[in-house]
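K.L.:
Below are the chains, spelled out letter by letter.
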Amino acid sequence: MAYTVPKLKDFSPAALDGAVAELLSALEEESAQPGNADARKAFRDRWLARKDGILTQINELWLKAAPKDAKRDVGQRVNKLKAEVEQKVEAALEKKPAASADTSLDISLPGIRRPIGAEHPIIRTMNEIVGVFKNLGYSVAEGPVIETDYYNFEALNFPPNHPARDTQDTLFLANQETKPRREQLLLRTHTSPVQIRTMEKMRPPVRIVIPGKVHRNDPPDASHSPMFHQVEGLAVDTNITFGDLKGTLDHAMKALFGSSAKTAFRPSFFPFTEPSAEMYVSCFICGGSGKRGSDPCRPCKQTGWIEILGCGMVDPNVFEFVKHNGYDPEKVSGFAFGMGIDRIAMLKYGLDDLQLFFQGDVRFLEQFG
Amino acid sequence: MKLSAQWIREFVDVPVDNGRLAEDLTSIGIAVEGISGEGANTVFEMEIGTNRPDAMNHYGVAREAAAFYGIALKPIETSGAKAPRESESGNAALKRSSTQNPAAEAGSHSGSRSGTAGAAPSRSTSSAGSGFAIVIDDKDGCARYTAQIVRGVKIANSPEHLASRLALVDQRAINNAADASNYTLWEMGHPTHAFDLDLLQGGKIVVRRARDGETLKTLDGVDRKLSSEDLIIADANRPVALAGVMGGFDTMITDKTKNILIESAWFDPVAVRKTAKRHGLHTDASHRFERGADYGATSLACALVSQRIMESGGGELEGSQIDAVAREIDQAPVVLRISQVHRMLGSKLETHQILAILKRLGFELVPEPGAQPEFSVQIPSWRLDIEREIDLIEEVARLHGYNNFANTLPSFSGGVVENPETAKAAKARSTLLALGYNEAVSLSFVSNEDAETFSSTPVVELANPLSEEASLMRGSLLPGMLEMVAFNLNRGTDYVRLFEMGDIYEGSGFGTAEHARICFAATASALNRDMPQGGVLDKSKGEAGLDLFRSIKGDVERVLDAFEHNTLQYDDKSSEYYEPGRSARVLVNGAPLAQFGLLHPQVVTRRKLRQDVYVAEINAEELYKHSLRLIRYEPLPKYPGVERDFSFLFPDKVTFDQIEKAVQGLVITELRSFGPVEIFRGGSVLAGSYSILLRAKFQSHDRTLREDEVNDWTARIVSEMQKLGGTQRA
Ligand SMILES: [Zn+2]
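These protein sequence lines map, in sequence, to chains A and B. Each residue of the first sequence is one higher than the last, beginning at 1 in this note's numbering. Each residue of the second sequence is one higher than the last, beginning at 1 in this note's numbering.
Derived by calculation from the structure, the hints in this document are not laboratory data. In this text the structure is predicted, and so the values were computed from the model without any measurement. Any given hint could turn out to be false.
[Stated by the list, open to error] In silico DSS-like pairs for lysine-lysine, Cα to Cα no more than 30 Å straight-line:
1. B:K638 x A:K51
2. A:K71 x A:K7
3. A:K179 x A:K254
4. B:K653 x B:K539
5. B:K256 x B:K139
6. A:K51 x B:K2
7. A:K348 x A:K254
8. A:K201 x B:K625
9. A:K213 x B:K217
10. A:K41 x A:K64
11. A:K201 x A:K262
12. B:K424 x A:K213
13. B:K653 x A:K41
14. B:K553 x A:K348
15. B:K256 x B:K348
16. B:K359 x A:K331
17. A:K213 x B:K256
18. B:K424 x B:K217
19. B:K539 x B:K573
20. B:K638 x A:K254
21. B:K424 x A:K348
22. A:K179 x B:K225
23. A:K134 x B:K217
24. A:K51 x A:K41
25. A:K134 x B:K653
26. B:K225 x B:K139
27. B:K424 x B:K625
28. B:K225 x B:K256
29. B:K348 x A:K331
30. B:K573 x A:K262
31. A:K291 x A:K331
32. B:K277 x A:K179
33. B:K424 x A:K201
34. B:K573 x A:K179
35. A:K291 x B:K258
36. B:K427 x A:K201
37. B:K625 x A:K301
38. A:K254 x B:K625
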């Protein structure tokens, strides 16, 4: 039979002593009970709850009910008792409850994992790169996937019948024969057309970063895809130099791959930049050593370097196409760069098959959550 | 392209080993991508940019090495053959020709030469003492044609040293005449061709466009119909070669050949490219002519080929070279301002450093008068890629070494322009990720069949698709999505939630349009697994799929609710590939914004999907016209709320929308929420009707509600429900 606070008729010291003793002995007994978290909470509430706890009841049944002449004595006793009960309850709760098989849980059972989606690794990589340039004060620009010959080639200094066009494996739209060449439609082979589109709209200075999809007539295999992603950048101002191109990209690589990343540049050829360069970054898989433990590092072919992007100073011929909008090559200069995101993501996550990106296989995608 | 390290070293005394040589060449853009073999058999795998045809051979690479190390380039020996010497016309290009060859300069020039001063402006004719004539009928297509006749040759196999060198760079030996031409190509870069002189009719070579109806069997044995745009070599009667691309079968060198005509010409890059493309040919010769061959090298190449033929096959030169020049190649001097070098490169290279680099590369610099240092730069004939000041600046940067320029960061002017769509797409993406959808990316192509099923807009067709099944640009994200869902189901992954954000393509009149879309899909397994305990309304299972439908609907609403929008309206006019009655369209202000629901069973069957799939398509382009939802704080209630439940029987035709509208019509400001808790069909509930448990919560911002006012509202709600045909249950 659980203890209940009795109503007192006799407020004499002896009677009060008896009532207090009875209460404390009940507390003693209940304190000894082992219990799980629920039981412990119930125990605490029973004694200390502001609403209807035993201490509150003492206030009601003993102190408030005491005759005037006994109030002082009862008050002192009740205060002393309250302090003692609070202290004993807390002390009892601090004691570790005895383990009991039927009340504790098997904490080794797996947690329930509510599903969360994973960002696509290409999109994720693209956003990381775009983020680096946003932090450098670049604006995001976008442009259409279906482009004209003019924007994809001509204004980027690929003259008609130039062999450099061969390197692009262009996918053309059907039924374009009746149009003038520069208006013929194709799937852009790079994000570079957005350079021209942006310069047509904005006078210098510009600093833009351009993420987007591009297409080429490359049958799909482990390292090719007819669709892939690029991030392009363009900076034009009155004072941009080749050193600025190198410094900006070096900074970006350190932001992406860590402050120990190194860059190296070597001459290359793109119709729309001059001087043109390929940039290499110290292998972010092996740290530039060319080795993983005692094995050769495959991503960098043991060279310690990974070719990561093409870049260069904007070719004056390109500026000629947008000269009317403030891009006089005698007055402004700029740099541009472009990188293939899919390949970077492949290297970064150690994929050996590019096709995994485009199959929507949940077992693959979930790994990027 | 493979080159032999030893062959390169024949022309320059490289002071470092092959590994280092490869690195150094690579650092100046003459990229060595790989090294194989050892010692004399060391082979460099080269990657030479399309702008550098001059470096697509051993001598050209040796020239770059000489420039890099600042050491001498040796001349190519042509001791065995008489080589022509530049004489009367003062041809500047020839003076700067790549020969750099004292032997060539010392040769005698006895052939006649009419050049551009010839009688007819469009035609230039030259003939040797023998009377064999070269006629350049098309001087746009052919600027120069140098020829040499060699008589009394014995066609045989090439000497071993020559054949093995060709083998080293992946070239097959054929016979001494063909190999001499090929060897010379790989040695110094100029393509040549050898004809059997006795098979050329009428004692002349004519360079002209083909006539309609003419045909030519090329060396590869293919009979080709020629077009009037094809640049060809003809004899007096018929085409004998595709100029700069491939020789003809009927005039080729055979075992019976005794007398040979060697062709060493300069063909126009565009003319060769067009001819090669039209015939689907790409040869070592066309590759070089398309990119710009050395105008000044025809004579040397011709001499080298004849020398090599005679070395192994005997015979003797008939007369000297016939050198027909139709026009000069314009290589005007380029002005280089030192200030521009500094402006572009940002590095204070000293003038003498700049001059030294350019001189080493074969440029001749003459100072221009003026306050600022400026130079008039004469371009060597083998560098057709150098036409402008910036081209020279690149040469300076290249040889100085890109990595020797300091890294700097630019000081920028101007501000950042926000692209509002980026933030909106990011919000939609993060919402879908939080809802448990994995992001997918599919290819942009679809088949005709898919386009017919899933898009109503005009299609965008590719002229050269990868395959029939990928011949159109997608007009919907759904086909790609279903393919990916099927891919998963076929591999035993039943719990699939995927989304894709991307553009679709629409043909519009003469042009095209691109529209942003969001598509997501979930299998019934995934929706069931993730159904929250309190989410199930239909306790009777009388309406299978109701809660799954509500599940995908809720996901659509989550995405839409990230944006400011007026009340969403729903109708049943979803596309045909949805199951009627289990799909819906979402409209805002009467404009469709999304559609979603259960995929039509026919589509499920056709696509061999192994279970029900719920999909949603959001017109992101329309959605992004709305601003992102402005987040405002609403004070939290201070007073307790009161809940009331109502149980009603309704005829099936009464929708929750009607119930909700009726309650909203009461305009009870203290009504905080109102919704269904449970739905039941069957059992004691008569067919044609359903039982629904509704819960209302009342709460006030400024007082504790009184029993009587709650009772009053409750009574009004009950009365509205009864007007709708509802019967209150006990
Ligand atoms: Zn590595």
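K.L.:
Among all the numbered hints in the text so far, which are the ones the structure does not match?
P.N.:
3, 5, 6, 9, 11, 13, 14, 15, 17, 18, 20, 23, 25, 30, 31, 34, 35, 37 and 38
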